[in-house]
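*Asks:* Given next are the chains, with one letter for each unit.
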Amino acid sequence: MTTSQPVVGTPDGKTRRDFLSVATAALGAVGAAATVWPLIDQMNPSADVLALSSTEVDISAIPAGQAITVVWRGQPVFVRHRTEKEIKEAQDVKVAALRDPQTDASRVLKPEWLIVVGVCTHLGCVPLGQKPGEKRGDYDGWYCPCHGSEYDTSGRIRQGPAPANLAVPPYSFLDDSHIRIG
Amino acid sequence: MATSSFQPKNKLVKWFDQQLPIISLLHGAVGPGYPCPKNLNYWWNFGSLAGFFLGVQILTGIVLAMHYVPQQDLAFDSVEHIMRDVNYGWLLRYMHANGASMFFLVVYIHIFRGLYYGSYKHPREVLWFLGLIIYLLMMATGFMGYVLPWGQMSYWAAKVITNLFSSIDLVIPGVGTTIVQWLWGGFSVGEPTLNRFFALHYLLPFVIAAVVVLHIWALHIQGSNNPLGIDVKGPQDQIPFHPYYTAKDALGLGIAMILFAVLVFYAPNFLGHTDNYIKANPLQTPPEIVPEWYYLPFYAILRSIPNKLIGVIALFTSILILFAMPWLDRSKVRSARFRPVFKVFFWIWVVDVLVLGHIGSQPTDKILFSAGSFSVNYVLFGQVFTFYYFLHFFVIVPLVGIFEKPKPLPESISKAVLKTGGAAAIVALMLLPMVGGSHQAYAAEGTPVPPKQHWSFQGPFGKYDRAAVQRGFQVYKEVCHTCHSLNYFAFRNLTQIGFSEAQAKAVAGEFMVQDGPDDNGDMYMRPGRLADHMPPPFPNDKAAKASNGGALPPDLSDIIKAREYHADYVYAILTHFGEEPPKDMKIQPGLNYNPYFPGGQIAMPPPLQPELVEYADGTSATLDQEAHDVATFLTWVSEPKLEARHALGFRVMAFLIVFTVLLYFTNKRLWARIKKQQ
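The listed protein sequences correspond, in order, to chains S and X.
Last residue of the first sequence? That's 271 in our numbering, and every number before it is there in order.
Last residue of the second sequence? That's 732 in our numbering, and every number before it is there in order.
In case anyone wonders, no lab produced these hints; they're calculated from the structure.
Where a beta carbon is used, it is the ideal one built from N, C-alpha and C, also for glycine.
Any given hint could turn out to be false.
Claimed, not checked - To give an idea of the chain S side of the interface with chain X (calculated C-beta under 8 angstroms), a few residues:
#, residue
1, Thr113
2, Gly117
3, Asp130
4, Met132
5, Ala136
6, Ala140
7, Thr144
8, Thr158
9, Val159
What the hints assert, rightly or not - Over the 12 angstroms line for every Cβ pair with chain S, so calculated as not near, a few chain X residues:
#, residue
10, Leu74
11, Pro75
12, Leu118
13, Asn141
14, Thr231
15, Gln338
16, Ile359
17, Gln437
18, Ser510
19, Val533
20, Ala544
21, Arg546
22, Asp569
23, Thr714
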């Protein structure tokens with residue numbers, strides 16, 4: 090072990106690396122790396138934020154053809170009471186031709202009620218089309234004012250830069266007039 | 055001294071360093087390019103340790119600031135949020151709180167080392183001043199940081215320390231008050247005070263870091279002092295900083311981190327004060343008010359002088375006097391090794407400072423000893439030691455410097471030092487302030503110490519007894535909740551103590567929680583959900599007081615951490631109602647005698663009795679059982695992350711011990727070369 094006797098403080102600072110010092114330095118590096126994790130993980134959603142994940146909504150007062158916006162996890166959720174015409178439009182689309190192919194049936198629990206997260210999948214703006222008179226685009230759904238993405242009556246992307254359909258949040262019907270989102 | 059010998063071999067490094075010579079700067083500052091005296095002992099470790107703990111404070115502080123809210127109604131809540139809900143929040147906060155203690159500890163040893171080996175003397179006066187400026191900045195930063203959690207101690211520390219400036223009124227009437235109001239931004243410590251303290255507490259560590267850079271710069275101009283205190287004569291006296299002192303510093307760091315980890319994982323509140331787990335109350339000063347341990351000697355000096363202005367002047371003088379050391383000490387010899395008289399007085403002074411620290415931690419009216427009619431209380435005791443503190447600087451140091459006959463100095467730095475015995479002595483010394491600084495000995499006069507009980511969560515491997523916590527929750531829910539809120543407890547937390555999610559949901563559903571406003575703008579009640587916190591029994595404090603004969607039943611979320619003796623205290627209170635009060639005690643109407651309550655008279659009527667609850671698990675509900683269970687439950691509510699802390703602590707300790715042993719051998723082998731050369 091002690092056969093090498095390097096000159097102390099040679100100009101190039103080279104001393105023979107041996108197993109002991111390499112192991113020590115490696116262990117130190119592992120320890121430092123492990124210490125970084127709590128500093129990163131603290132920025133993830135905290136336990137109370139994760140727990141605030143459900144919202145109950147009374148949908149009995151929404152007439153057909155209108156929609157309300159509710160807040161879930163700090164984001165708008167569109168609850169739309171669709172008309173027969175809107176349902177038919179949504180169902181008659183050729184799914185294979187869509188950018189993000191999904192049938193309307195896979196996006197709703199009851200055809201009258203469309204519930205989607207009201208956040209454009211392009212860069213996160215809230216699309217127009219919730220209030221009567223707001224621009225809804227060529228597909229009768231929603232129109233995003235930021236970069237012109239257009240969604241249909243099933244919340245699917247039809248035109249513009251957004252890559253995916255409006256997300257469907259987890260929800261369930263508590264009874265005919267109440268849903269729980271989350 | 056600052057000649058850079060850096061000759062990069064790597065082409066990329068060379069290209070970069072020609073344009074921004076930061077690598078050669080580091081090479082010369084803490085690398086092989088910085089020649090150090092061969093004989094630096096372990097006392098020279100504490101500079102780099104101080105730098106390390108400054109880094110710990112800045113890193114943990116930045117992430118805590120991401121969650122902390124500097125608003126007087128939310129500050130305390132946000133700290134509880136960090137402790138309970140933020141991922142690793144408990145670890146980061148305990149690291150920050152105990153990191154401050156470690157920082158001060160290593161800086162104190164660093165200062166003592168400078169005083170012992172004469173590092174303040176020519177040609178290093180500026181280096182010494184910069185160090186003292188760092189220390190003053192640390193005191194300001196530490197104080198403002200202590201205010202931020204907005205507990206009782208935070209609030210009253212802010213009030214008392216800022217009021218030091220009101221003593222200026224005694225010199226120029228009105229000026230002191232004006233300054234204090236300017237510091238507060240109001241007529242008392244409040245929202246503006248908290249906001250500016252937060253802003254400054256975030257800023258000052260970076261100012262400290264900047265002065266540290268100057269400190270190191272100044273160090274490199276004259277080079278390190280050394281245990282012999284004589285000048286370096288040439289290269290034969292020196293070795294490069296890297297790898298010799300990087301290895302030696304790393305070993306010291308390993309040992310310091312073990313101590314740090316013991317505090318963080320196994321005694322995180324040992325150096326704190328229980329009252330700081332009580333939210334700030336501007337209308338009530340805590341019965342015992344003490345600063346953090348690192349201010350205790352100065353606090354003792356302040357208290358021992360019965361005149362406001364002179365007391366404050368003495369306090370500031372006791373620190374600022376260190377700036378005058380290069381001139382107070384007339385001796386040309388630096389190291390106390392060759393100053394037989396100075397050495398003795400130095401150690402007497404160290405003891406004096408430690409005793410002052412102890413005095414500062416004790417109530418002033420406490421009697422030290424009495425013999426017949428003659429008794430000495432802590433005020434007189436403190437005055438003697440305060441007098442000696444100043445005597446040391448103003449009389450002893452100058453006179454010894456003039457009249458002492460030093461021992462002959464060696465010709466040159468001859469021997470490299472690698473004595474591990476020294477390291478052991480240093481570790482022992484590091485533990486000393488920890489022992490002296492704890493606030494354990496604080497029962498109100500005449501109140502007995504609660505007998506120790508056996509708890510499942512005790513010890514380094516302690517875990518909560520799930521069944522006991524669940525039973526305790528039942529006791530709380532059916533009995534205590536009638537009057538006591540539990541504001542930081544959420545129903546979702548029940549899943550951590552063995553309840554299934556469905557069971558926790560069912561429990562939440564038993565409580566009605568206010569929600570709203572609904573679409574009509576009205577608030578309404580609905581059954582609780584997992585995310586809800588336990589609804590309080592009364593809508594506000596006034597209602598709670600009105601229903602309880604004017605006494606406010608405290609919130610129980612932190613009660614175990616907010617009371618001296620913790621679970622033992624709560625258990626003792628619950629099990630000692632109905633005893634006969636002492637003959638000379640007159641129990642006030644509406645109060646009840648309880649020997650373990652400070653003062654002996656408590657507004658709470660006996661809350662528990664046998665068979666008060668019917669335990670779901672069939673355990674016999676004796677009074678003892680109920681008290682023990684509810685104390686276990688409340689400990690869990692106070693410190694829900696205890697099990698995670700113990701589990702992580704075990705792994706960290708195992709790692710640090712292995713790492714430090716490796717560092718020990720690496721260091722030993724590295725220095726064996728130097729020893730062989732002698």
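*Asks:* Could you let me know if the closest chain S CB is still more than 12 angstroms away from the CB of X/Leu118?
*Replies:* violated, 9 angstroms
*Asks:* For the restraint on S/Ala136, tell me whether the closest CB of chain X is nearer than 8 angstroms.
*Replies:* Hint on S/Ala136: holds, closest Cβ of chain X at ~4 angstroms, below 8 angstroms.
*Asks:* Holds or violated: S/Val159 as interface residue toward chain X, Cβ cutoff 8 angstroms?
*Replies:* Constraint on S/Val159 not satisfied, violated at 11 angstroms.
*Asks:* Are all C-beta atoms of chain S more than 12 angstroms from that of X/Val533?
*Replies:* holds, 27 angstroms
*Asks:* Could you check that no beta carbon of chain S comes within 12 angstroms of the beta carbon of X/Ala544?
*Replies:* violated, 7 angstroms
*Asks:* Would you check whether S/Thr113 satisfies its interface hint, that is, whether its CB is within less than 8 angstroms of any CB in chain X?
*Replies:* holds, 4 angstroms
*Asks:* With d taken as the least Cβ-Cβ distance between X/Leu74 and chain S, does d exceed 12 angstroms?
*Replies:* Its Cβ never comes within 12 angstroms of chain S, the nearest being 21 angstroms, so this holds.
*Asks:* Verify that the Cβ of X/Arg546 lies farther than 12 angstroms from every Cβ atom of chain S, and report whether the claim holds or is violated.
*Replies:* For X/Arg546, whose nearest Cβ neighbour in chain S is about 5 angstroms away, the distance does not exceed 12 angstroms, so it is violated.
*Asks:* Grab the minimum beta-carbon distance between X/Ser510 and chain S and tell me whether it stays above 12 angstroms.
*Replies:* Its Cβ never comes within 12 angstroms of chain S, the nearest being 24 angstroms, so this holds.
*Asks:* Quick one, is the S/Asp130 hint okay against chain X at 8 angstroms, beta carbons?
*Replies:* holds, 4 angstroms
*Asks:* Confirm or reject the statement that X/Thr231 sits farther than 12 angstroms, beta carbon to beta carbon, from all of chain S.
*Replies:* Nearest chain S Cβ is 42 angstroms from X/Thr231, so the label holds.
*Asks:* Closest CB-CB distance from X/Asn141 to chain S, is it above 12 angstroms?
*Replies:* violated, 4 angstroms
The structure fails to meet hints 7, 8, 9, 12, 13, 20, 21, 22 and 23 from the earlier list, while all remaining hints are met.
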